[in-house]
Each structure stands twice: as C-alpha cells, then as structure tokens.
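These are the residues of each chain, in order.
Number of protein chains: 2
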Amino acid sequence: MNLNLVDKHQSTIDTAVRALHERTFFAHYPENPSPDVYGEHADKEGREKYKAHLNQKFEELLQQDPEAWVGQEESPYEQQPLGVKYPFFSPETLVSRAEEAYHQWRKVKPADRAAILVESLERLRTRFFEIAYATMHTTGQAYMMSFQASGPHAADRALEAVAAGFEEQTRFPEAAAWEKPMGKYNLKLNKTWRAVPKGVSLVIGCATFPTWNTVPGMYASLVTGNPVIIKPHPKAVLPIAIVVAAVQKVLQENGLNPDICQLGVDADDHLITKDLAEHPKVKLIDYTGGTEFGNYIESLPGKTTFTEKTGVNSIILDSVDDIDKVAQNLAFSVTLYSGQMCTAPQNFFVPAGGVKAGGETVPYAQVVQKIADAVTALVNNPKAGPHILGAIQNPATAARVKDAASLKGKEVLSTCEFQHPMFANARTCTPVIYEVDATEKESYSRELFGPIVLVIKTRDTAQSIQIAKEMAQNYGAISCGAYTTDPDVKEQIMDEMGLAGTPVSFNLTGGIYVNQNASFSDFHVTGGNPAGNASFTNPEFVIKRFTWVGFREPAAG
Amino acid sequence: MNLNLVDKHQSTIDTAVRALHERTFFAHYPENPSPDVYGEHADKEGREKYKAHLNQKFEELLQQDPEAWVGQEESPYEQQPLGVKYPFFSPETLVSRAEEAYHQWRKVKPADRAAILVESLERLRTRFFEIAYATMHTTGQAYMMSFQASGPHAADRALEAVAAGFEEQTRFPEAAAWEKPMGKYNLKLNKTWRAVPKGVSLVIGCATFPTWNTVPGMYASLVTGNPVIIKPHPKAVLPIAIVVAAVQKVLQENGLNPDICQLGVDADDHLITKDLAEHPKVKLIDYTGGTEFGNYIESLPGKTTFTEKTGVNSIILDSVDDIDKVAQNLAFSVTLYSGQMCTAPQNFFVPAGGVKAGGETVPYAQVVQKIADAVTALVNNPKAGPHILGAIQNPATAARVKDAASLKGKEVLSTCEFQHPMFANARTCTPVIYEVDATEKESYSRELFGPIVLVIKTRDTAQSIQIAKEMAQNYGAISCGAYTTDPDVKEQIMDEMGLAGTPVSFNLTGGIYVNQNASFSDFHVTGGNPAGNASFTNPEFVIKRFTWVGFREPAAG
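Taken in sequence, the protein lines are chains A and B.
The UniProt record's numbering puts the first sequence at residues 1 to 557.
The UniProt record's numbering puts the second sequence at residues 1 to 557.
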C-alpha cells in the first residue's frame, strides 16, 4: 500500500469533516468549467476523449474475462446510439468476485481506505470534461449541468460520503483500558472495537444523474470497507464507467484487488438488477429511481437499503416582495433540465384570493399568468432556453408531457416543439402548466416526471400547507419552495413541512433555485417521507454500512 | 419549564457523552446496595414500599380516566399473585393521547428534554430498593441482580441513551450563514436545521429484565422528542410502572403533559401489543423478547424498529492457563439467574483432542466433567447457590429444562430439585448439561432459554469457530466467550465472530463473566446478526428516531 496517500489527503478529509459540521459553504472541486481553473485545453480534450469512446469497447476496466460486450446507450441530443460496449459479467461472477475482494478490503484501515478514495477523486478531476460530454449524451442534460452535476458536484458528494464514513469509523476508540473499582481490587479489562463492514454492496444508478446519484452510496460503502458492484442504468453507463475505472486503477496501484469496485452492466437482452439485489451475499443496496422498484428494493429481507425514489414537490405561494422576480425564479426551476430533476417543483399551491405583494394583492389568475409568461419568455430566450432545457432523456417523459392534457385540469401553457440550435435531432419539450382543482387529488398526488406544473387553487395558505404536507407524508417530497413575508406563516410552514420530512427553501429569487442542493450543507432527501429512506450525507447514511463489535480480555497483572 | 434542570444536570450529560467516547469505566449510579451509599434504612424502606403495593391499585400514574384496573403478576419466589392493579387504557386512547402530547414534547429543546430525563433518573435513585423487590418478585432474579440490573445499571443505560441522543441532536448547527462566491457577487443564504422527532414510540418490555431492557429505548425516544407508550410484559409491570410514574411526575412539575410517557398494560383477557404496533400513528417500536414476535415487529411496514430477540451464544475452548478457574467461571455464567439472561452461554465447543492447559492437554471428557463438577459445587454451595440461581420466571422455562432429555444428546448433568432457603415455594431448577454431536445441528441451532448447556465435541478449534460463527450468522448471538492462549487463534476468532456481529470475551476467569455488559463501554447486542437489529447504545440507536430537516432563505442585503 502506498501509505503516502494518507499524508497526501488526510488534511482534505479533515477539512471535509469540519465542513460537514459547520455546514457553511464548502467545495473541494471548483464548479466553474473555465480554462483558468481546469486548463486551456481541458474542454476540447474532454470532448475528444468522449468522442474516442464512441463505437468502441470500453477497455479501461480491470475486471477480467468478460462474458460478452454489451451497450445500448443513445444520445438524447442526436437520437443515435453511442455504440460504446462494456464488459458483461453474470451476477454470480460479480458477487463471487466482490465477496473475495471483501476479505482484502475490509482489512484496510479506514484512514487508508479514505485516502485511496480521495486519490480516485483527484484523478477524476482531470476527466470532468470527458465525463461532462458523456453525461450530456446519455442524460440530455445541458453542458453546464452535465459538467457541474457529474463532475465537481458529484466529486464533492463523494468526498462528503468519504468524510462522513471516516468520521463515524473513528468516533470510538480502537482500544481502551477499562478499570472498575471493586472495593478491595480493581477489575481490569483491555477492550478493543472494530467497525465491521456488512459485506457486498450494490449501487443501482438512474438514467438522469448517472454519477451524482451513484457516487454517494458507492463511496460510502467503499470507505466503510464494503466491496461495491455498480449497476448503472443501461442508458447511462459511460459517465460512471469512467469513475469505476479510475477507482480500479488506484486500487491496483496500491496492491489491492480492483474487484473491490466493479461495474456490473445489464445484458442487452435482460436486466440483472433483481438477480443482484436478491443475491444472499448482497447486504447493502443503494437505489435511485422510480417508486415501484424502490419499494421492492426496500422490501427485500436481510438487506440494508438506501433509497431515493420519487416525490411530489410543492411550491407554496402566500406573500411576496416582488411577484415578477418570484415568477422568474419559479420559471427557471421548472425549465431547468426540462423538469427531470428529483428536486424540480410540480404542485404550485396558490390561494384563490391571490398573493399579497408589497401593499397589494395580485389576483390568483394574474399569478398563474405571470408564471406562464415567465416560462414562455425563458424558453424563447435563445441565449438561455437551450442551455437550461437540455434534452429529454427518455421518450416516455416526452409522452407524459403530451398526455398531461388528459389530467382533469385546464391548460394554462401548452408544450411546444422546441428546435435545439445545436442539435437538430434533439428530443425536447417545453414545460406545460395545468390548473387543477384542490379536490382533484388523483391528478396531483403522484410525480409527473418531466416539465409538468400543476397549479392548485386553494382556499387559503392554510389549506396550501395542509395539502402540501399531506402530499409529502403520503407520496414523498424532496423539496419545497415557499414564499411568505409573514414570520408566523413561515414558522407554520417549517413546522408542518418539517413533520413531513421535507426541506423548505423560502423566498428564493435571483440566482438560487429550489432544485439546487449544496454538498456539505444541504442534506439531500431527508429519509423522513416516502420519497426515500436515505439522505446525502447524514450519519445514518454511513453507519448502517458497518457493525460495531467489541472484544475484551482481562488485563495482565 | 423549570430551566434550572439544565443547570443542574448538563454537566452529568456532558460527562456521560465523554464516557461514551472514551469507553473506559464509567458509572453514574453506584451498583453497590450498601447502606454507606444508599442510606442506612434504604433497603428496609424499599422492601416496605414494595409490600405496600401488593393487592392495591397502583395510583401513582398521572394518566386520566382508566377504563379498568388490571394485573396478573405473580412472584416466582412465592408462586402467588402480587395483586397489584394497573389502570387500563385502550390502544386508541393511548395512541391519541401520545399524538397530542407529541406536539408539545417535540417543541421542547433537546437540552431541556435531556435535563428533564436525567431529573427523572435522579428521582428513581431513591427508589432503587423498591424497584429491586418489585423485580425479584416478578422476574425471579436474586436480590443482588434485581437491585443492580433494575436500579443503577438500568439508570446508567438510560443515561447512556440520553447522552447519545443529546449528542446526536446537537452534532449539527441549529443555524449557519452560507455564503458562496459567485465571481461578481456572493450568494448568501441563512440556513437552519431541525431534528424532527418521528412520532409515537412504542416500547415493548420483556418478563426477565423489565427495566434494564426497556429504559434504553424509552429514554432514547424521549430525548429525541418522541412520546412513548411503555407496554410491559403482563407478568413484569411493577418495576417499570414505578419508572414511568417518576417520569410523569417530573414532566408535570415542568408544565408538560404527563402523557408524553404512558404506561399501556395489557387487559386481563387480551393482549394489546399488536393493536399498538400496527397502529398507523406508531412510528417507532422497541422490542425485547422472542424471535418469532420480533420478526413480526421488524416486518411491519412504515415502522422504524429496534429489536433484541434471541440468539445462541457460544463458548469456544481452545487453550487455557488454568482449566479449573475456567470451569468455575463458566459454571457461574450458566448458573447466574438460572440461564435466563440473553447473554448466557449455551453452546460449549470443545475439541475432541482436549484443551491445552499450560504444557499439558486436558482430555475432552475431563474438560466436560470439570465444568459439570463446577456447576454442581456452585449450586450446592449454600452461601452462593440461591443468590446466583434466583428463581424461574416462567413455568415454560422449567419445563424446557426437563424436556432437554429429549434432545439427541447424552446427559452429563441432570437438573435437581433445588430448595430455596428463603422461599419454600420458589420455582427453581438447576443447570443441565448435555453432550451433543457436532452433526446434530438441529439440537443446538436454537436458543434453549434457561439453564441448559450443550457441549459440542468438535474436530478442532477451527471447526468450533466455524460452527459458532455459522450459528451466530444464521440464528443470532449476543455474546461469545473464548479461551485461547494462542494469539493467532485469538485473531482468527475476533475476525470470524466479528463478521458474525458477535462480541467476544476472551479468557475470563475470576469475578468477571461473559454475561455482563458495562454501560458506556460495552455495546449490548451489535445489530449485526439475527439476535437483534439494535445496539445499546450506538449512534444508530438514537439517530433513527428523528429526521434532519433543513430550511434556507436568502440573507438580507
């Protein structure tokens, strides 16, 4: 083992642990893709490296003897296959190799594991642009989001998990001398404790955020001594394949088995997720994706699971300083990546009596119209629209937007064909807005993934809060945006949405959006409602991956 | 609220938090029941207070309008009903009162909650002897164990849970100023976080350790802001009823609703546990008891559960310094409270080739005989036997000891009628020892609750370890005792039993036993095998009782 890695990275880890507890702004990886930060040719080289993968075998992985070469990715921008082929291994092979690697990795000290993992992130830093292009052409994210979410933001979330895992494993002493006064003598025991990793870990990725949603569970399992099998979504493999390859390389350089971290892709003709998840040797499962499959994962006996499923996110409009700024902010939130973020707002609760703005009241209909107009203006702004909307990852999402007309609601804003200026074949659609009556719970009590906004007219803000809370408690929520200038209403929203395990962003305008979550400060998903049982990165996210076991023996003499 | 309680108790809480992390010896409540510590008349007064409860209504609780008065306890020493009657409330009443109390209690700050709870423990300190007699005459524990386990040791486990809960709720800031450099300007958000308690908590007690096994979950739920319903075993109510009454009194004195902590006893003609456990408002469940019911509890959807079920605890004999001292130590462990401890050893693995002792080898048969002889000597020692054995809590346990003859094994030591010197009608039985072949897994792969020892002859220590690990992984284990003078064998046992989530005590002789677990040092149950999913008191035991929820808003200016 190259022990210099601890010297090299321990201060980064210690800084990250402090950041977790201060929760002020902290980022280890700069989010600005400028040449000043990443080098003059970084973008161009990244794009070339991405292109060099196309129609080739991805041969960087150190996993031996593939059973086949498979791949079914296609670019939402070009609607053409990427043609990248990945090595396929049967679930049994993946699990037995992971189990073997487990007995090596679990004996590496937490500090060494953490340093090895940070080294892998430092290597990835030089590949952020390559990962960005791979992310664009699998997820449909726009360039800036692809760079930030899959590169520096993902790396910071991974570092966060490493820091939390390192901290929790070193929170109790490795050894203690226990001496109990018994009156005539002292009873002396030497005690030691070990954080024993639980075993093979499976991380199931999603198609929209292939690295950002995968690396927290991946690095949390690794830092706590568990071997991982990364099962990416079959449509979004390349970005995380690059990450896995980087980890394998650092493992090998340090004399460790690269199978500690394996990529396990689906076959072209069948999915392997259930076979992996149900394998008795698989003890930990991280999952991002739809609710139905997530509920299945949570129900598997004998597994410790970490899920992020879906939710219905609310906007509560009560009172504002400037309704136009609010409308612009919300328009951005629903347009960003065409509503394909788990944090995108869906249900907008607007009181029938309108929204107080300064000394006046903006009537309900005018509030709705201002939001619709702001969306239209944003989408039609050629300098902004394409760079915010991106493309639609999955044809089903585009279909869902069209089907929104079947909701029991009134159309406020229809979707339009959107011609992407750079990609003539891009799969796109623009946000739709429907008005739905508060009594039509069927319509708004499920996630309509994609750029679909439902405006729900309520009696008053009290009803808005009550329904938003009920939705979050019963169907899950990952974010909530609220606008109020009344401190009592604010406290009421905090209290009620807090009970529903839902974080709330108040009065956002300008360059900060309800969709955004900052590493080292914002817990992503709370684990406290049906949107998911885990949180990036609270202590629970790491401590459930190992067991504290104590040993004791009488002290000599 | 009497805010002086924080001044009064915060240093105790801080000391306890430190002790949790140092894991050296720490006890806040003295375990010695001597007059020097607890006062000249403490024992006599405690006995009188206990007697005053008999055949009376227990009217100390502050819960209003009971629907009936019920009670079915009987003394294992006297085999007569205690005649104490407790107020009965329907599950619906208990849960709706808890839900109402929740919205008061959750708004009390963690530091205030912790101080109120420590105050309740300080009040109980004056009632340890009363609780001790109540414990004796419900559980059958001998006097010393009744005092220590139900009094100071339980209070220390409760303090441990309070300390851990306080620490976890204060590990992240209540507020932070987040300021992100954006190049031309800084983005400023004010952020706050709340630890939101999950809701109504149910704590299901057992008949053998009515306070020790109940107070950790009870105090852990309370300190994290959840109202609790204590559902004791119908045969062991009085000890925990006294604890609940003390908490209620402190709550009321501080202007709080006593229903924050309710006693919910079974009706005389039906049990209410399932109705409570399945109630949708019940979010947290702590359970101590048999595996079958524990598995049902763990399987309930939408609940966070903390279980201690049963396990098969092993002794691995490899090599020793002094076989006689080892035999005496083990004899004590199996005799203590007639094997009715969850930590009592059951399966003794002895190599066919015997046990190395100093330069010699003690043959297998002689090892077995020495253990049997040591049990016989201990039981027949009139100064020790009755004070170690106690009485048998449940007639089913006595029947199980008699039925052990039906195991496919050879009787080494038979049970005998044991006449208790102080209680002529005491239900007693002495340990039995059977030899079972290693191939007869059916016989030894389940917990035989009570004083039943199975000696399993193995090929060698490697096989002993392999079977002990397999038993722990498949059927659970709470303790393991191992005897070896070989460092390599020791490491092998730590490694293998660690993988089975089982703590190991090595080479215990003299006045320390595998059954014993020290608060603030030994994690009790690891949560890492089927013996239970929770541990007294690791961070997981408290953090799963609340949700971190964040709130944010742009900073002015």
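Keep in mind the hints are simulated off the structure, nothing from the lab.
Some hints could be false.
Because identical chains share one entry, a pair is satisfied inside a single copy or across any pair of copies.
Only pairs whose alpha carbons sit at most 20 Å apart, straight line, appear in this in silico EDC-like list of lysine to aspartate or glutamate [to be verified]:
no., residue 1, residue 2
1, LYS283, GLU298
2, LYS303, GLU292
3, LYS281, GLU470
4, LYS408, ASP437
5, LYS303, GLU470
6, LYS283, ASP495
7, LYS44, ASP7
8, LYS8, GLU496
9, LYS410, ASP65
10, LYS107, GLU491
11, LYS188, ASP373
How the hints compare with the structure:
When the C-alpha separation of LYS283 and GLU298 is checked against a cutoff of 20 Å, the pair qualifies both within a copy, at 12 Å, and between copies, at 17 Å. In this homomeric assembly, LYS303 and GLU292 come within 20 Å of each other (Cα to Cα) both inside a single copy, at 17 Å, and across copies, at 19 Å. Within a single copy, LYS281 and GLU470 get their C-alpha atoms only as close as 38 Å, which misses the 20 Å cut-off; across copies the closest is 14 Å, which meets it. Taking the shortest alpha-carbon separations for LYS408 and ASP437, only the intra-copy value of 8 Å comes in at or below 20 Å, while the best inter-copy value is 71 Å.
Taking identical chains as interchangeable, the C-alpha atoms of LYS303 and GLU470 lie at most 20 Å apart only when they sit on different chains, with a minimum of 18 Å there against 29 Å within one chain. For the homomeric pair LYS283 and ASP495, the shortest alpha-carbon distance between copies (18 Å) is at most 20 Å, but the shortest distance inside one copy (36 Å) is not. When the C-alpha separation of LYS44 and ASP7 is checked against a cutoff of 20 Å, the pair qualifies neither within a copy, at 33 Å, nor between copies, at 63 Å. For the homomeric pair LYS8 and GLU496, neither the shortest alpha-carbon distance inside one copy (46 Å) nor that between copies (33 Å) is at most 20 Å.
Proximity of LYS410 and ASP65 under a CA criterion of 20 Å is satisfied in neither setting, with 57 Å inside one chain copy and 53 Å between copies. For the homomeric pair LYS107 and GLU491, the shortest alpha-carbon distance between copies (12 Å) is at most 20 Å, but the shortest distance inside one copy (49 Å) is not. In the homo-oligomer, the alpha carbons of LYS188 and ASP373 never lie at most 20 Å apart, since the shortest distance is 76 Å inside one protomer and 28 Å across protomers.
Hint check: violations occur at hints 7, 8, 9, 11; the rest are consistent with the structure.
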